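Engineer: Combine the two chains into a complex, taking the hints into account.
Sequence order for the protein chains is A and B. The first sequence: position 89 = 89 (the numbering used here), numbered continuously. Count along the second sequence starting at 1, add 1000, and that's the number in the numbering used here.
No wet-lab data here; the hints were simulated from the structure. Just so it is clear, the structure is predicted and the values come from calculations on it, not from any experiment. Every residue, glycine too, gets a C-beta built ideally from N, C-alpha and C. Heads up, some of the hints might be wrong.
[Said to hold, decoys possible] Restraint ranges, calculated between C-beta atoms of paired labels, are given here: (1) B:G1104 - A:R75: 36 to 42 Å; (2) A:S98 - B:N1044: 52 to 58 Å; (3) B:R1147 - A:P83: 28 to 34 Å; (4) A:Q25 - B:T1134: 18 to 24 Å; (5) A:Q25 - B:L1059: 22 to 28 Å; (6) A:P83 - B:W1036: 46 to 52 Å; (7) B:N1044 - A:W21: 55 to 61 Å; (8) A:P83 - B:D1130: 18 to 24 Å; (9) B:R1147 - A:K30: 20 to 26 Å.
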Amino acid sequence: MRSLTVYYDGRCGLCCATRDWIDRQKQLVKVECLPASEPGAELTVIGDDGNIWEGDAAWIVVLWALRDYRQWSYRLSTPSMLPMARAMFAKLSEYRGSLSCALNLEAEVR
Amino acid sequence: MQIVSGVDPRLVQPDSSILLMAYAIYLLLSLVITVWVARTLHANGRLFLVDAFHGHEALADSVNKLLVVGFYLINLGWIVDSLRIREPLYTAPRAVELLADKIGTVLLVLGVMHFFNLYIFNRFRRRALDELPTAEPPIRPTGMLPRV
Chain A
1 MRSLTVYYDG RCGLCCATRD WIDRQKQLVK VECLPASEPG AELTVIGDDG
51 NIWEGDAAWI VVLWALRDYR QWSYRLSTPS MLPMARAMFA KLSEYRGSLS
101 CALNLEAEVR
Chain B
1001 MQIVSGVDPR LVQPDSSILL MAYAIYLLLS LVITVWVART LHANGRLFLV
1051 DAFHGHEALA DSVNKLLVVG FYLINLGWIV DSLRIREPLY TAPRAVELLA
1101 DKIGTVLLVL GVMHFFNLYI FNRFRRRALD ELPTAEPPIR PTGMLPRV
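Next comes chain B alone, as it looks inside the complex (with noise of 0.2 Å):
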């Protein structure tokens, strides 16, 4: 490990095996979250989807993975693109911050996905569920038949 303060920095060269690290380290926790998230979506958003339609499972699964798959690509596309460490790493603290600043924006992110997930799934639901046979017109009616 390289000790910068009190030397010129000039002299001092940017370390590519502190870039290597945090690439990895990035990578490897980019994925390992992104995965905890699909799969937590992929699972708890399967009830909301069979009720959204009519409790026809298989097509409720289907949708499910169609959602997932979509999620994953989004979100490794996001992390892939924003993969390359613009500056000059010299020491390992540095590289820390960096890697910070860009799992801190990963995980925002995949929150933002998260929420509009679960947007969709709540709005195919109430859709559903307002086309019951038992809903009720939304206004009050203004008169009754007289009974005979």
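Chain A extracted, bound-state conformation (with noise of 0.2 Å):
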């Protein structure tokens, strides 16, 4: 896989915050951020090669994706962490709105 695109919500100002944050990392996979055509939808990985992954799945993904958190992305994927990972990042998607207008974080798609 040599490159990847991420489809996050764009009425989301944490995910917008996501997006610029992961504009400036170190990328050994390419990745693309696009907002997904149906608001409020569910954050997307898809892959070059066709492979989809979804929710806390695409974070993980994102995550080994950048040079400087490959590691963490492995770490996180153990059997005995990846149920912790899972939880925070269903937690982190559920309550995105909120955080974002807790963080002052402004979407760019209203």
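Structural biologist: This is how it looks when you write it as structure tokens:
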């Protein structure tokens, strides 16, 4: 896999901030971020080989694509860490709206 | 050689030649062992480093040399620092016991340092392998795009 596309929720300020952060990172696999056509959709990653990762798996694949966080993606996907990582990413997704408000992060798409 | 048993200990003086001999043996043995471990590390660690630096041999050799220098500094520092025998030495058997104590500690320190170095070598190498273009994501895809 040489590149992957991330479809994020364009209505969520936290997601837009995360996208900017991803763009600033050193990438081992090229990451392209696009707002999902269906607003409010779950985070989805599609690799250039046609593989799809949704939800918490998508978070881990994005970390894996970034040079400085690849080791973290391996750590988080070990059997002992994965349930915790899943729970954490699920909560983060669930409360992304209120988190964006709390952190004062503006979304670009309304 | 003095025979202590049966003699009033207050009349026996500590023997400085035994002490000197103990120091000499301690330094010699510790140095030989340190050099041996360092050379082993230097010779066998190279392959790990060449892998870790994606086949960049000059860089691997340079890091290898720097690691060995650090290894020598820490070990020789430890050896010199713990040279002193604090109790007065009267007999050779006691000197041998103290010597065994000290060299045992040096061996243990060398062992810990050696495994720590192996850990570092392996971590470098693992990291390099993980960053190869052929590496796969650690998590299975949840789906697949339909083939057109």
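Engineer: Against each hint, give a clear statement of whether it holds in the structure.
Structural biologist: Against the structure, the hints:
1. B:G1104 - A:R75: 36 to 42 Å: Check passed, 37 Å falls within 36 to 42 Å.
2. A:S98 - B:N1044: 52 to 58 Å: 56 Å, holds
3. B:R1147 - A:P83: 28 to 34 Å: 33 Å, holds
4. A:Q25 - B:T1134: 18 to 24 Å: Hint holds: Cβ distance 21 Å, inside 18 to 24 Å.
5. A:Q25 - B:L1059: 22 to 28 Å: 24 Å, holds
6. A:P83 - B:W1036: 46 to 52 Å: 47 Å, holds
7. B:N1044 - A:W21: 55 to 61 Å: 41 Å, violated
8. A:P83 - B:D1130: 18 to 24 Å: 23 Å, holds
9. B:R1147 - A:K30: 20 to 26 Å: 22 Å, holds
Hint 7 from the list above is the single one not met by this structure.
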